[in-house]
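Protein chains: 4
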Amino acid sequence: MIDFQHILTSINEAASNEKDKGKIADYIPELAKVNVDNFGIHLIDIQQNNFSAGKSDEKFSIQSISKVLSLSMALGLIGEKVWKRVDVEPSGDPFNHLSLLELENGIPRNPLINPGAIVIADILVSKLEHPKEEFLSYVQNIANDDTIAYDLGVAKSEKRTGFRNFAAANLLKSYGNLNNDVDIVLDFYFHQCSLAMNCVQLTNTFFMFMNNGKCRRNNTLLTISQVKRINAIMLTCGFYDEAGEFAFEVGLPGKSGVGGGIVAFLPNKFCVATWSPGLNPKGNSKLGMLALEKLTTETELSIF
Amino acid sequence: MIDFQHILTSINEAASNEKDKGKIADYIPELAKVNVDNFGIHLIDIQQNNFSAGKSDEKFSIQSISKVLSLSMALGLIGEKVWKRVDVEPSGDPFNHLSLLELENGIPRNPLINPGAIVIADILVSKLEHPKEEFLSYVQNIANDDTIAYDLGVAKSEKRTGFRNFAAANLLKSYGNLNNDVDIVLDFYFHQCSLAMNCVQLTNTFFMFMNNGKCRRNNTLLTISQVKRINAIMLTCGFYDEAGEFAFEVGLPGKSGVGGGIVAFLPNKFCVATWSPGLNPKGNSKLGMLALEKLTTETELSIF
Amino acid sequence: MIDFQHILTSINEAASNEKDKGKIADYIPELAKVNVDNFGIHLIDIQQNNFSAGKSDEKFSIQSISKVLSLSMALGLIGEKVWKRVDVEPSGDPFNHLSLLELENGIPRNPLINPGAIVIADILVSKLEHPKEEFLSYVQNIANDDTIAYDLGVAKSEKRTGFRNFAAANLLKSYGNLNNDVDIVLDFYFHQCSLAMNCVQLTNTFFMFMNNGKCRRNNTLLTISQVKRINAIMLTCGFYDEAGEFAFEVGLPGKSGVGGGIVAFLPNKFCVATWSPGLNPKGNSKLGMLALEKLTTETELSIF
Amino acid sequence: MIDFQHILTSINEAASNEKDKGKIADYIPELAKVNVDNFGIHLIDIQQNNFSAGKSDEKFSIQSISKVLSLSMALGLIGEKVWKRVDVEPSGDPFNHLSLLELENGIPRNPLINPGAIVIADILVSKLEHPKEEFLSYVQNIANDDTIAYDLGVAKSEKRTGFRNFAAANLLKSYGNLNNDVDIVLDFYFHQCSLAMNCVQLTNTFFMFMNNGKCRRNNTLLTISQVKRINAIMLTCGFYDEAGEFAFEVGLPGKSGVGGGIVAFLPNKFCVATWSPGLNPKGNSKLGMLALEKLTTETELSIF
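Residue numbers (this note's numbering), protein chains in the order written: chain V, 1 to 304; chain L, 1 to 304; chain C, 1 to 304; chain Z, 1 to 304.
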């Protein structure tokens, strides 16, 4: 039997001793205010035992991690038709100046890069009467937690400065792969990305993906097949241009966000979330990546 | 002595006999209404003798041809500082899906592609109190013709559908190479592109570039060195991805627009404008390109 | 308990009823001679029970599947130093005309694309006294099967026509990431790719990767950590530009070759190999991909 | 009347006072042996008056300048059929790591980049019985100078180290746009590039392009139309990624080589050659570019 608490405690210590904690994302002004020293980790196993270390109950902006949840909701709403508008291939593009164009003929490479997630947002805006409210309820329902909320300051901040996302949305529109107005879709998208959670809430939410689609209260929102496919996408596309490296070093499906959060899990075993706002050059939480490497090295648990 | 009138008449006949007149641009709905059979040509020589054939006095939307005029005005206003924000290299990019990104680190390849012209528009918006009015006056002054005007229907039409330009402007903004609001810059840009002229007015306007910077009334707006440089840019960058082909087949500096207009000139000799709305696959007027090839073949005049 | 034999038999039937069996690779003339109707499948489980259907004992050229074996040998020889010369990111490049350049500053994106495998070949040529002989022995040892051999006709055929590989090798050389002569490295590489196996031999060989590095006779050649990493690379990079799709649809690590072979496995459970020479447009065996989809759908087994 | 001698003398003085003389190309070992301080310039006008300054009679490797001469010979041999195998668009590619692939479906962007010149070499190898001898005679005939010769040391040096050219040739071969063996075509190509000339010989050779196709002795090898087209290609493609900049700053057609030579001309007026082996970051002779800028600024002569 693995002593998760012991491992988490030692990971937290190692994190606090690390000199170089990475660089906080500053392109969203609101995110730049966070203290780089923060580190938290939380793990929930399949039996719903909980283990924590560090600031596991401090909230942060989950940012791109929300893309898994919007994809999940879109799949529930329109099923496999999602894949007519977005592909499932890793982006693999190391060249920043091309990254906006991870579309071929208007089809984004996958739903976890920005242009792909904007297409998913467009689907939700089309299908939902009150997109922002209904998406939030959806997430609260998965997590069984009504306190989860948008951070309106972050949403507003990104709306003012997210020119690259405006560029991507307009490009999608020019290809006919955006049915609603750019402003409406991005208003939803920026709210979605502003979701604030702590590590505990994050594991409560992603418990579903680790547990064949069943939430903690045993309710289900996706078929087993849909869950497996979302998990596959997380493994191959969840960590920007570092997806291969993460699969290679850690061997778990998961997703990171520029707010410094990472969530990852071993199907049928455990789900873990880390938070540390300093990023490595590829845009993933520096201490979070190290923590997950350490966790899988010490437990020798991976999907491979 | 060359009999220009004879040559123009025979070009006009050849054009009307041509079966395949190209395809009208339909991405700006307002432009799609024009009849594909139209053809006009006008030539003015250095002594201000005029020669015409076909519908040389029918107005059309000059579109990208206006980029030469906004560049000219920007150079007059801030001089060589223009080149800190836009480069002078041919775009050379044959791949449509990359064409938005003809920027390196936010610097567009040249001022005659859309992202480059949007940067020039941003310069004018910054420097002018009433950008649209002052730019129009500038063009009227060059041409010595107060009847030149914007086509507000075209400007409005492009504003509603120009998602690719919104994408480019937002991308420039994300790189910090756009000082004003995207909407304000593009409002100016769409007006600029909507300028309506006929072939006669076009040659009257570009007479200045053929004549070392002196307009028909002998007033000057640019230094000789600035004129020569704009002319060089027209030769290397004036015809989208067909710039090399045009220099190769025709050997004159010039500029084309998706409205079907082309203007070209031999320095110190003549300036010629053609109009025919059907485009070839590279986006240049099909009959216009053939007309200019024929003109330089028959006259054996070229800069080479 | 899963009835593998029943599933394999039904897969074989479905395959023989399929009208469109894909297109045989014709760029290596020797490969073009095979009959497109061939289909075989073999599965070995962790207890070494064996199940077969179709032409599971007919040999074919394993081609790119060999890249996993050369990578494995190189890792055994020089360990983690391999990763200084090749990266581990999915290639993700959908544009054929760029695919040669899946190198950044001479570092190929991963060891399972051609330029990456050529670097691995260079490592083996440097480290082995008799590279071709020793690599063959290595593979025979893993499979516990002395009858595995190169197909010299295929090796020769590719040597005469593999201009794209000569281009890649020379490009690597120009970046200083090839220590030996291009001709010597490619001679080894073409032999490596020409390895002929049937489905049974393929599962016997890859049993090691399914079984934490232990071969069927319990001998070990790699550390557990090395095995997990190779498995991660197979999942993210094993199926050309279809790697994401394969993870999404099948959910197993594996590797395909243009000879029409595919091998895939679920760690600690089973290893399966299919062969059918007709390829889909992405370059993977058409019937093989369908077979593996069917296998994981019916068994509901995947790493996710 | 312009005092060319005065201008050349002052250019030579300015060159010798320049501190930063650029960086000598070192990828061809033989070229790296030259002294960076060398500078020479020679000008011949249409009346065949000659003006010199600096080391105008010292020989150097003309390298890429030879591409204009091989193109010229190929055009003479097979005429416009050349354009089925190579395009005439500027390369415009600022990204080094892509530059090898300035081919679309095997058609190089223009005949003055390496892949394009290799296709031209292939044409000559197909059409000539003794390619190296006949090409040399062709050049000697244009220049009316039997002393022009290959530098066999340079040819040999590049053969040993020109991996990037081997890559390009193999890639062309894979697309079916190379009819002869890679080794044979490149042996010719490396000899062609190794042609050694001094500035006087270079102007004597390119006199033909300045003079509507007539060599100094009045013999002709090309039609006027062919000459104009080659001149257009030199203007748009003659200076690597700096072609636009050169047209913009200098306004003359011309060609540069990594040996530090540049030749340029104003049709019907003069032809000038400079040599200085230090290159700027774009790969053109640093002092040569400055010299030509100064020449056209002081004479106010340009094609625009």
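Hints are computed from structural coordinates only; laboratory data are not their basis. Treat the hints loosely; a few may be bogus.
Repeated chains share a single entry, so a pair holds when one copy, or any two copies, can fit it.
Heads up, simulated DSS-like pairs for lysine-lysine below, C-alpha to C-alpha not over 30 Å straight-line [said to hold, decoys possible]:
1) K159 - K294
2) K19 - K269
3) K214 - K269
4) K55 - K127
5) K214 - K159
6) K127 - K159
7) K84 - K19
Here the structure is a predicted model, which means the values were calculated and not measured.
Hint-by-hint comparison with the structure:
no. : hint        : verdict
1   : K159 - K294 : neither (37 Å within a copy, 45 Å between copies)
2   : K19 - K269  : neither (32 Å within a copy, 42 Å between copies)
3   : K214 - K269 : both (13 Å within a copy, 24 Å between copies)
4   : K55 - K127  : neither (37 Å within a copy, 49 Å between copies)
5   : K214 - K159 : neither (34 Å within a copy, 48 Å between copies)
6   : K127 - K159 : both (23 Å within a copy, 27 Å between copies)
7   : K84 - K19   : between (46 Å within a copy, 25 Å between copies)
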